[in-house]
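Please construct the entire structure, taking both the sequences and the accompanying hints into account.
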Amino acid sequence: RGRVILQGGRLNDMLLHSRTWAWEGTSWTVLNPPVDPGNRDKAALIYDIRSAHLVFFGGETYSGIQNDLFVGDGDTWTPWMPPRLPPARYWHALAHDPDRARTLLFGGTDGATHGDTWEWDGSAWTELSPPVSPEPRVGTALAHDALRGRIMLFGGSANQIVQSDTWEWDGAAWPQRFPATSPPARRDHALAFDVARNRLVLFGGSDGVSPYGDTWEW
1337 RGRVILQGGR
1347 LNDMLLHSRT
1357 WAWEGTSWTV
1367 LNPPVDPGNR
1377 DKAALIYDIR
1387 SAHLVFFGGE
1397 TYSGIQNDLF
1407 VGDGDTWTPW
1417 MPPRLPPARY
1427 WHALAHDPDR
1437 ARTLLFGGTD
1447 GATHGDTWEW
1457 DGSAWTELSP
1467 PVSPEPRVGT
1477 ALAHDALRGR
1487 IMLFGGSANQ
1497 IVQSDTWEWD
1507 GAAWPQRFPA
1517 TSPPARRDHA
1527 LAFDVARNRL
1537 VLFGGSDGVS
1547 PYGDTWEW
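Those letters in the sequence shown? Residues 1337 to 1554, by our numbering.
Worth flagging that the hints you see were computed from the coordinates, not collected in a lab. Do not rely on the hints blindly, as some may be mistaken.
As the list claims (entries may be wrong) - So the derived label-pair ranges between C-beta atoms look like this:
| id | residue 1 | residue 2 | range |
| --- | --- | --- | --- |
| 1 | Arg1355 | Ile1385 | 37 to 47 Å |
| 2 | Glu1360 | Asn1495 | 22 to 32 Å |
| 3 | Trp1416 | Val1545 | 23 to 33 Å |
| 4 | Gly1447 | Ile1497 | 11 to 21 Å |
| 5 | Arg1535 | Pro1511 | 15 to 25 Å |
| 6 | Pro1511 | Thr1462 | 16 to 26 Å |
| 7 | Ile1385 | Ala1509 | 16 to 26 Å |
| 8 | Arg1420 | Ala1388 | 19 to 29 Å |
| 9 | Arg1535 | Leu1342 | 36 to 46 Å |
Even glycine gets a Cβ: it sits at the ideal position worked out from N, Cα and C.
As structure tokens, then:
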């Protein structure tokens, strides 16, 4: 539909939002779907290109930390109740792998920090058991590298220390990468794949004290 969708968030560390917004390239429009995920912060949202649906999971609400799943079609949000769900969490990350038709979930917290890896295939969640994984963390970023067919993970906060590590998910394991140059350690940054230029682009984040405004390419 040629739109970018934004859902929820937090204003001034106080008010949780439930609004759904659409960006059409020149302006933002408030949508009014008949059903939405409600007021929440630090949920995760991705677009599943194979099913042409949005996938929205978890987050923190006024009533607590959630593990609910919503699927969006651009007009409304539909709550889904698969037989198994990942534990409740917020501050986690999602990325969709169109090559494998899977959505990957990693990290987050419910008070304890998670380091588990889950996949959503459009009908069921499966917890995976890779032999090696990134440390449990919050505020990390995931994005699918369409050129190389990998989901990349960078940074986040592990054991209350911001990280600058790079990992990639190949569908079965998390091999760590050791590039000669890396962005400074950070959390709460953004990561996206530029299809036209075949590059992952990283922007912003925080070292836990001060925000960043730098731009990096992978």
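So, going through the hints one by one against the coordinates:
1. Between Arg1355 and Ile1385 the CB atoms are about 24 Å apart, so this pair departs from the stated range of 37 to 47 Å.
2. At roughly 41 Å, the beta carbons of Glu1360 and Asn1495 sit outside the given window of 22 to 32 Å.
3. Taken as a hint, the range 23 to 33 Å is violated for the pair Trp1416 and Val1545, whose Cβ atoms sit roughly 39 Å apart.
4. Between Gly1447 and Ile1497 the CB atoms are about 18 Å apart, so this pair conforms to the stated range of 11 to 21 Å.
5. About 20 Å separates the C-beta atoms of Arg1535 and Pro1511, a value consistent with the hinted range of 15 to 25 Å.
6. Range check, Pro1511 to Thr1462: about 20 Å between beta-carbon atoms, so the 16 to 26 Å window is met.
7. For the pair Ile1385 and Ala1509, the supplied restraint of 16 to 26 Å holds, since their beta-carbon distance comes to about 24 Å.
8. Remark: the range hint 19 to 29 Å for Arg1420 to Ala1388 is upheld by a beta-carbon distance near 24 Å.
9. The given range of 36 to 46 Å is broken by Arg1535 and Leu1342, whose C-beta atoms sit roughly 23 Å from each other.
The structure shown violates the earlier hints numbered 1, 2, 3, 9.
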